[in-house]
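Construct the complete structure from the given sequences, taking the supplied hints into account.
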Amino acid sequence: MYIPAYDYGFVINYNTESRTPYKGSAIFFHVSTSWTEGCTGVDKQNVIDILRWIDPGKKPVIIQNSENELINY
Numbered sequence: 001m002y003i004p005a006y007d008y009g010f011v012i013n014y015n016t017e018s019r020t021p022y023k024g025s026a027i028f029f030h031v032s033t034s035w036t037e038g039c040t041g042v043d044k045q046n047v048i049d050i051l052r053w054i055d056p057g058k059k060p061v062i063i064q065n066s067e068n069e070l071i072n073y
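The sequence shown lines up with residues 1 to 73 when you count with the working numbering.
By construction, these hints were calculated from the structure, which means they are not laboratory data.
Check the hints yourself; a few may be wrong.
[Claimed, not checked] Cut-off 25 angstroms, straight-line C-alpha distance, at most; resulting in silico cross-link-like pairs (DSS-like, lysine-lysine):
(1) K23 <-> K59
(2) K58 <-> K44
(3) K44 <-> K59
[As the list claims (entries may be wrong)] Label-pair restraints from in silico Cβ distances:
(4) P56 <-> N15: 30 to 38 angstroms
(5) I71 <-> Y6: 28 to 36 angstroms
(6) I3 <-> N72: 31 to 39 angstroms
(7) S66 <-> M1: 15 to 23 angstroms
(8) P56 <-> G24: 32 to 40 angstroms
In this text the structure is predicted, and so the values were computed from the model without any measurement.
Ideal Cβ placement from N, Cα and C applies to all residues, glycine included.
The following block contains the structure:
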C-alpha cells in the first residue's frame, strides 16, 4: 500500500520509553493537506525543509503551540 503522506516525515518520541497504556505509542510528523489522526501534518515542502535543517544529535524538541504562546518556551 502506498501512502503519499509518509513520503517524508519523522517520529516524535512520545510514550516510547516506559509506555503508559492507552496513551498511544507515537506521534508522526508527516506530509498532510488536511486533518490527521493525531499526528502533525504540514505541507510537503515544510517537512522537507525541517528534515534538511533538523540535527538529531542536538536532541531537538518539537513544540506545538500557537505562535503567541511560543514566548513561554
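**Asked** Broken hints, numbered, in rising order?
**Response** Per hint list: 4, 7, 8 violated.
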